[in-house]
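Peer 1: Quick mapping for you: the protein sequence lines, in order, are chains A and B.
Sequential numbering of the first sequence, starting at 0, is according to numbering that gives the first Met the number 0.
Sequential numbering of the second sequence, starting at 0, is according to numbering that gives the first Met the number 0.
Do not rely on the hints blindly, as some may be mistaken.
Stated by the list, open to error - If you want a taste of the chain B side facing chain A, the calculated C-beta under 8 Å gives, among others:
1. P29
2. G126
3. H139
4. D172
5. T180
6. Y238
Honestly, the hints are just simulated from the structure, not real lab data.
By construction, the Cβ of each residue, glycine as well, lies at the ideal position given by its N, Cα and C atoms.
For reference, the chains in residue letters:
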Amino acid sequence: MKNISLIFISFLLLASCKENEPIIKPTKATINITFDTRWQDQDFAIEQVYYDNFNHRIRIDKFMSYISKLGLENSNGNFIELKDFYLADYSTDPTFTFEIDPGTYNKLLFGLGIPLAYNKNQDPAQYPSTSPLSVSGSQGMFWFWDTGYIFTKFEGKADLSGTEGEPLLDNFLFHLGADTLYRKISFTNLAMNLQAGDTKSLTLRIRVDQILGTGNSEDIDIANENITHSNNSIALAIKVADNYSNAFTLVE
Amino acid sequence: MHLRSLNKKCISLLLVGLLVCVFSCNTTQPELKDSVIKIKVPAHFPSINYPEDNTPTNLRVELGRLLFYDVRLSADNDINCATCHVQSAAFTDGEKISSTAPSSKFGRNSPTLSNLAWAPILMSEGGVISLELQALAPLHDSLEMGQNMILALNKLNEDPLLKNMSKAAYHRDSIDPYVVTRALANFQRTMISGDTRYDRHINNMTSDFSQEELRGMALFFSERTNCSSCHSGVFFTDYGFYNIGLYQNYDDIGRERKTQTTKDRGKFKTPTLRNIALTSPYMHDGSFSTLQEVIEFYNNGGSDNPNKDTRVSALNLTLSEQNDLIAFLNTLTDWNFVQNKKLMPPVTE
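Next comes chain A alone, as it looks inside the complex (with noise of 0.2 Å):
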């Protein structure tokens, strides 16, 4: 009984001694970066089915991308690594929370894909299952009879009758994976100061109907264009490659 009366004296101090710590400041700022899929100005879902440039009833059913090197560079220039690899997975919006160290912030970078000294000839089962670019974390991402990651696969199928009603049955598939398709993302306008205990939020908007264009020269005719899987159509990559990175805005 004695025990346990010197237990709960125990307990009662030690509860008295938090109540006495110092409050520790923050020494760090938070930045969330979400990840915000739209077509058009709706929220993006995979399997819905949208309107294209074309009026092609067509659904996404996959959408998935390498994010690479996403990082933010701060006003001496120096570029601050945020996250290496991330394997998204656009079915969902994913939002990324990092601490970061207090100051003035330029700018917000990132890659679409792998970079080169991480593509070709590069051995995924060098990775822990736990990293994206491992045999079980990339998920499909990878040819593996010519070895290198698929940085994006975006597929669906779309109704190229024109018949209201009809179902969709005619494919497209855009695999992107080429050295050359590997493209940088910078915004650089973000003058961003933070201060220690700061909360900032980034939105990066992806319009996903702009993968197929934005009604000029770059759109993408599903009925003429509809697969590549990179080296097969280089053409039709580049131009996914670039219609893709060109479908993101920065939201603060």
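Given chain A's structure and the hints, the job is docking chain B onto it.
Peer 2: Same frame as chain A, but now just chain B:
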């Protein structure tokens, strides 16, 4: 009184726990010892440059052999590497197109596996640069093993022997992609074929070549046939990519699939001619059943094709000369290789 009773129960539970622990410790696999081994290389072959992280050891090679013959690497547990790479056929399968991919545009004749330790480039279109990387290709190809490797690993990790070997050979707690690719590559580097009548002849070990074989050898290495300009060196391949004019129009575009340049359409990697008598049918699509057909094809100079290599043209060989060439090609069979017990399924050794 209540506390005493509780203590007794706790002590009892502790004892049971200890017993379970001791029992389970006794049932674990014995510690395996691994040691570096030297792979015997024919004197007239170059030495092997092993990857730093995959030098040969007895356990690595043995683990690779077990995996090579393990059907758990396939989606339906019905095929293994040896399904398409049968030792008695110099690790080919005798099919035009392997039965796992009979109708595919990219289904190809199963290549022979020998002397891969020296191959600088793999796959018919040359998209893979190491045996470690190559091991991933058939495992994931729906036309071959057709399985995400992770599913295979789940099966393999239920095998305590393989897990134990994996730990001893590669210091990994489980069988993971690293282990599978390294072990398979390590085993495949032991598939060395360099003990043929031809090898013994050029090394002055025997002088039993017939006149027919000698004439065939002279033709083979002559500028008249140009055979040896591509099928060159001790491995009878220059690892280059050529269009030999097999077709005017190729269904399988070959190296163009990788490079996407039309000048590479119909180009395929030069295959080795070692054990050629055992590896019929021939060509990337198995379109020729016999060596006679192959020699006839070259003798006629092949089909017109804009990418055809200039060295392929009508040879005007007599029937006798064609037979001489075939006689020479038959000297490239390594019977010790196809009967090497160290390359057989473990159970048959």
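Peer 1: Evaluate each hint against the coordinates.
Peer 2: Okay, the hints, checked on the actual structure:
| no. | hint | in the structure |
| --- | --- | --- |
| 1 | P29 | 28 Å, violated |
| 2 | G126 | 3 Å, holds |
| 3 | H139 | 5 Å, holds |
| 4 | D172 | 12 Å, violated |
| 5 | T180 | 5 Å, holds |
| 6 | Y238 | 16 Å, violated |
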